[in-house]
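> Read top to bottom, the protein sequences are chains H and L. Using this note's numbering, the first residue of the first sequence is number 1, and each one after it goes up by one. Using this note's numbering, the first residue of the second sequence is number 372, and each one after it goes up by one.
In case anyone wonders, no lab produced these hints; they're calculated from the structure. Warning: the hint list may mix true and false statements.
[As the list claims (entries may be wrong)] Mimicking PhoX-like on lysine-lysine, the simulated pairs with C-alpha atoms at most 20 Å apart in a straight line are: (1) LYS592/L with LYS565/L; (2) LYS423/L with LYS244/H; (3) LYS559/L with LYS499/L; (4) LYS578/L with LYS565/L; (5) LYS592/L with LYS605/L; (6) LYS605/L with LYS244/H.
[Claimed, not checked] A few chain L residues that don't get close to chain H, going by computed Cβ distances all over 12 Å: (7) ILE398; (8) ARG448; (9) ASP489; (10) LYS494; (11) THR612; (12) LYS806; (13) GLY895; (14) GLY921; (15) ILE961; (16) GLU998.
Since the model is a prediction, treat every value here as computed from it, not as a measurement. The beta carbon of each residue, even a glycine, is placed where N, CA and C say it ideally should be.
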Amino acid sequence: MNIVPEPVAQFPWKVLGILFAIACFGTLVLYSSAGGSITPWAINQAVRFVIFTGMALVLSRIPLEIFARFAFPAYGVVLVSLVVVELIGGVAGGSQRWINLGFMQLQPSEFMKPAIVLAVARFYALLPVGEIRRWTAIWPALVLIGVPWALVLVQPDLGTATMIAAGGVTVMFLAGLPLRLFVGSGLALAAIIPIAFSFLHDYQKNRVLIFLDPESDPLGAGYHISQSKIAIGSGGLWGKGFLKGTQSHLDYLPEGHTDFVFATMAEEWGLAGGIFLIGAFLLLFRWGIGVSLRTQDKYARLVAAGLTTTIFFYVAINLMMVMGLAPVVGIPLPFMSYGGSSMLTVMLCIGIIMAIERSTRKGRRSSGNWA
Amino acid sequence: MKLPRLKKKTVNEAALSFTFTRRAMVIGGIQAGFGAMLIGRMAWISIAENEKYNLLSESNRVNLTLIPPRRGWIIDRNGRPLANNRTDFRVDLIPERVTDPEGTIRSLAQLLSLSPEDVERIKTELDKSAGFRPVQVAEKLTYDQFAAVSVRLPDLPGVSPSQGFSRYYPAGATVGHLLGYVGAASAKDYEERKDPLLITPGFKVGKDGLEKSFDRELTGKPGAKRVEVTARGKIVRELTTRPDTPGNPIKLTIDAGLQEYAGRRLATQSGSVVIIDCHNGDVLAMASMPSFDPNSFSDGIGRLEWEMLSKDDHVPLRNKTLQGLYPPGSTVKPMVALALLEAGVKPSETIGCSGAIRVGNTLFHCHKRRGHGAVNMRTAIAQSCDIYFYQMAQRIGMDRIASMARRVGMGQKFPLPFPSQSYGTVPDPAWKLKKYGQKWQVYDTVNATIGQGYMLINPLQMAVMAARLATGRQLMPNFLHGASRSAPAPVGVNEEHLVTIRDAMSAVVNGGGTGGAARMSIPGVMMAGKTGTAQVRRITMSERAGGVRGNASLPFKLRDHALFQGFAPFDNPRYAIACIIEHGGHVNRIEDAPMIASDTMSFLFDQAKAMEKLETLEKGWGGTPAERMARQMAAFRLAKAIEKGEAPPQAAANATEAANATASNASSPAPAQNADAQPAEDDAPPPPDSNPGGAR
Chain H
1 MNIVPEPVAQ FPWKVLGILF AIACFGTLVL YSSAGGSITP WAINQAVRFV IFTGMALVLS
61 RIPLEIFARF AFPAYGVVLV SLVVVELIGG VAGGSQRWIN LGFMQLQPSE FMKPAIVLAV
121 ARFYALLPVG EIRRWTAIWP ALVLIGVPWA LVLVQPDLGT ATMIAAGGVT VMFLAGLPLR
181 LFVGSGLALA AIIPIAFSFL HDYQKNRVLI FLDPESDPLG AGYHISQSKI AIGSGGLWGK
241 GFLKGTQSHL DYLPEGHTDF VFATMAEEWG LAGGIFLIGA FLLLFRWGIG VSLRTQDKYA
301 RLVAAGLTTT IFFYVAINLM MVMGLAPVVG IPLPFMSYGG SSMLTVMLCI GIIMAIERST
361 RKGRRSSGNW A
Chain L
372 MKLPRLKKKT VNEAALSFTF TRRAMVIGGI QAGFGAMLIG RMAWISIAEN EKYNLLSESN
432 RVNLTLIPPR RGWIIDRNGR PLANNRTDFR VDLIPERVTD PEGTIRSLAQ LLSLSPEDVE
492 RIKTELDKSA GFRPVQVAEK LTYDQFAAVS VRLPDLPGVS PSQGFSRYYP AGATVGHLLG
552 YVGAASAKDY EERKDPLLIT PGFKVGKDGL EKSFDRELTG KPGAKRVEVT ARGKIVRELT
612 TRPDTPGNPI KLTIDAGLQE YAGRRLATQS GSVVIIDCHN GDVLAMASMP SFDPNSFSDG
672 IGRLEWEMLS KDDHVPLRNK TLQGLYPPGS TVKPMVALAL LEAGVKPSET IGCSGAIRVG
732 NTLFHCHKRR GHGAVNMRTA IAQSCDIYFY QMAQRIGMDR IASMARRVGM GQKFPLPFPS
792 QSYGTVPDPA WKLKKYGQKW QVYDTVNATI GQGYMLINPL QMAVMAARLA TGRQLMPNFL
852 HGASRSAPAP VGVNEEHLVT IRDAMSAVVN GGGTGGAARM SIPGVMMAGK TGTAQVRRIT
912 MSERAGGVRG NASLPFKLRD HALFQGFAPF DNPRYAIACI IEHGGHVNRI EDAPMIASDT
972 MSFLFDQAKA MEKLETLEKG WGGTPAERMA RQMAAFRLAK AIEKGEAPPQ AAANATEAAN
1032 ATASNASSPA PAQNADAQPA EDDAPPPPDS NPGGAR
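Starting from the given sequences, assemble the full structure and let the hints guide the process.
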């Protein structure tokens, strides 16, 4: 009765449609950002998107059990590379975030974002149901999160460290730990923040302070936020028009093709473009959360919701940053910001969620057959 | 280790699944909430604050370069320009874009033949100036110089040649004090007003005179050149350019021809001439000479020229018409006579003048030592008999004289569009008591009667006095053509008395009086007037004993001031005039106040004839004021060079001779009449004494 062949119908059209829309838009913005040229950014970004989409589709074919089995080993590998990075950095002096593999720069902290979700989810999946309200359900997860968090924080990379912690904690929350633990630690965190602040590097402190009052230093460290707000604010409802953004084209907006690509977009496309983009991301999250709600497997649903939240953190932190609601922490906007690492990470997440969706559909169909 | 409280609750797979679903929904909700919040925030920035950020974005993008507005013209009553604008080629440096300051300045100095002084100034300004605020290299360039720079632009990054306007005063020095001059705004002006226009190269503000007073009207609205620039200051393209709006022209009551004539007719003297229209008080000319050339002041005057002007004992930097105060001398006598008439003195009443009278312990002389014999009012004015006024004034008292003096404008401050004016003094008993705490004495009255003592007047006031005596109306001097004003109040005197005074003043000029030199050779026009002499120095007892030295034998600074006030025609006054020659001393009839006044007046009735006379006379004075100034400057420059040892001794000796020749030529042009006059270049006392105490 269905004329569409099953493999075609099964193909994740919906999510690919969303991703394609976002990526197309991102490519357009990069095209404009380069002054109306597909080189050097737009073409690279498009090619990468195609390659990583292929990778995600391949991932979606991998049985869920593989992800479960390799969760801890993957976590371990990434953790070791983090340590290696730290050691190289220690030798070379200064801050070091990547390992040079010769053909590419590998940034292990980037892979830790999905790895932490997989590992923590795996831990709770293995945990007997009755244990969930015991200490044994808490401290291993805290260790799993804490070690990479600390390693990334000392790199120093506040943004990524925050995302790793947030991703892990989200899984803990979803796993069913008592709510009062989160409320309590939330309050404790609020109390600790001022103390933690004093341990930050000077430039990090500066960023936080300037975030609180960007106009205090409009030509210095507050320049990024000020110019970003000017770009967004001057865009108005419909924007200045494609290729007509002045903030980005006249170089007033720093990092207009990477971290602040949203400002570049908003200047030319206005609030309308912003609503479209945020809406598209919300659809993506809805799809991710939807996958997690539909799936019955404990590990799978934790992973699906956790990875969705990881992507969400990318978007939320970046957008808050460019709109002056968060300090400048160097988190890119998925599919929009120029750069391979973040797209690779996000596509890994998407691929895994697609794999979960695929396995869920299979399971439901078989169970439906039985019913 | 267990969590004791939690143990009570039984946890199973189904409950956990339920918890997960609920919490996943919560997280989904939070995500949606964040999305909504971000859209809200974005809407706030881009819609509610759109205007603010648009403005910021524009001010980022657009770099505004102001185009200085053309200054409004100043024109005379007939529409002839007294000050206009000339096309001017200029070159500026944009510091930000200069790659090799040293080399650029060196090539510019060569191309434009800049002086070492200028090069030094440009280097200093370049060091101080930051960014894209231009630094002036040179202005008033010739087209060739301008073109020479323009074609080399590719090799001179940061050099910006442009075409602008500069102020031009066709009449040169003769309008210097009247109009003032323009110049670049001072750092202080900028501190106060913070107007970026003030630091735009080529923009000038009025610095003195009418240029300063009417600065607001004369200054137009600046134009703007808008360019789109990148964050690094690179110009992307030019946007719309808004042209400047020139300032409003100011039409003055001044007659340009007359003003220039008066300035030239003052010859080599340090003096002033003011002419007022008797119909309405319009000032037709107000010349103060020697003067500076506002053209060279507006370019930024050279240090040397400034030094020369400030050292000159003819005080070219002081506007004598408004800031010079002089004892009016005998020019007050018609005014005193009018007071006498009003007090009931009959014009026919006679006084015997024996040459001196005793007042208190002091013997007061008449200027004519042998005395005038019996004099009535007409003779007393015509012959300027002091004794008549000494006697009569004592009879009516100082207060009545002072009241009349004030009514004819002495000591009155007029609402004039000039930054500064000195207004003289009309002394009376109350004034003396307040000022010095002393009682008024009879000899004070006697002194005041002949315009000495405390009495002081400026040339403009003297012209106003002449006009009021001529018309019997309290005319107010006015400089704006067509200014609306209320009808002048009457002086408050009997018309018959005025006729008497006018007749007596005519006798001064035409009836064998002291002002014979002022007689006009225009048929049907008779001038009326009154001469005056104001003593600058105190006459010592030894001099009294040995005879007063003649003015001609005195150093310049000690000679008497020569004054003249009058009007013409005497029976139906049309114009009133005042002329004061500082330290003129009546030693040179042609360059004395009466003849200068009469010639200037005759310009109004017969221009051709007046010009013909002036041109003949000027040949003897060494040419027009501009020519004489140029020669004076050259001589001064040479003298300075010799002083510094820059000129070789041989040349120095020649130069000294040349300088002396020029100088004496300029200062005493009529040696025959002036044989025993000492050269003005003599070591004159340093401060110019503008406020001599008179005879006291």
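> Each hint needs a verdict: does it hold in this structure or not?
Hints, one by one, checked against the model:
1. Distance hint between LYS592/L and LYS565/L is fulfilled; the C-alpha atoms sit about 16 Å from each other, no more than 20 Å.
2. Simply put, LYS423/L and LYS244/H have alpha-carbon atoms about 19 Å apart, close enough for the 20 Å limit, and the pair holds.
3. For the suggested pair LYS559/L and LYS499/L, the alpha carbons sit about 16 Å apart, so the restraint of at most 20 Å is met.
4. Taking the CA atoms of LYS578/L and LYS565/L, the gap is near 18 Å; set against the 20 Å cutoff, the hint holds.
5. For the proposed pair LYS592/L and LYS605/L, the alpha carbon gap of about 27 Å is over 20 Å, so the pair is violated.
6. For the suggested pair LYS605/L and LYS244/H, the alpha carbons sit about 18 Å apart, so the restraint of at most 20 Å is met.
7. The Cβ of ILE398/L sits about 6 Å from the closest Cβ of chain H, inside the 12 Å cut-off, so the non-interface label is violated.
8. Interface exclusion of ARG448/L from chain H stands, the closest Cβ pair being 54 Å apart, more than 12 Å.
9. With a minimum CB-CB distance of about 34 Å to chain H, ASP489/L clears the 12 Å threshold, and the non-interface call stands.
10. LYS494/L, annotated as away from the interface, keeps every beta carbon of chain H farther than 12 Å; the closest lies near 28 Å.
11. Every CB of chain H lies more than 12 Å from the CB of THR612/L, the least distance being 19 Å, so the non-interface label holds.
12. Look at LYS806/L: its CB is around 60 Å from the nearest CB on chain H, clear of 12 Å, so calling it non-interface holds up.
13. Against the 12 Å criterion, GLY895/L stays outside the reach of chain H, whose nearest CB is about 78 Å from its own CB.
14. A cut-off of 12 Å between C-beta atoms confirms that GLY921/L is not in contact with chain H; the least separation is 77 Å.
15. Every CB of chain H lies more than 12 Å from the CB of ILE961/L, the least distance being 71 Å, so the non-interface label holds.
16. No beta-carbon of chain H is positioned within 12 Å of the beta-carbon of GLU998/L; the least distance is around 58 Å.
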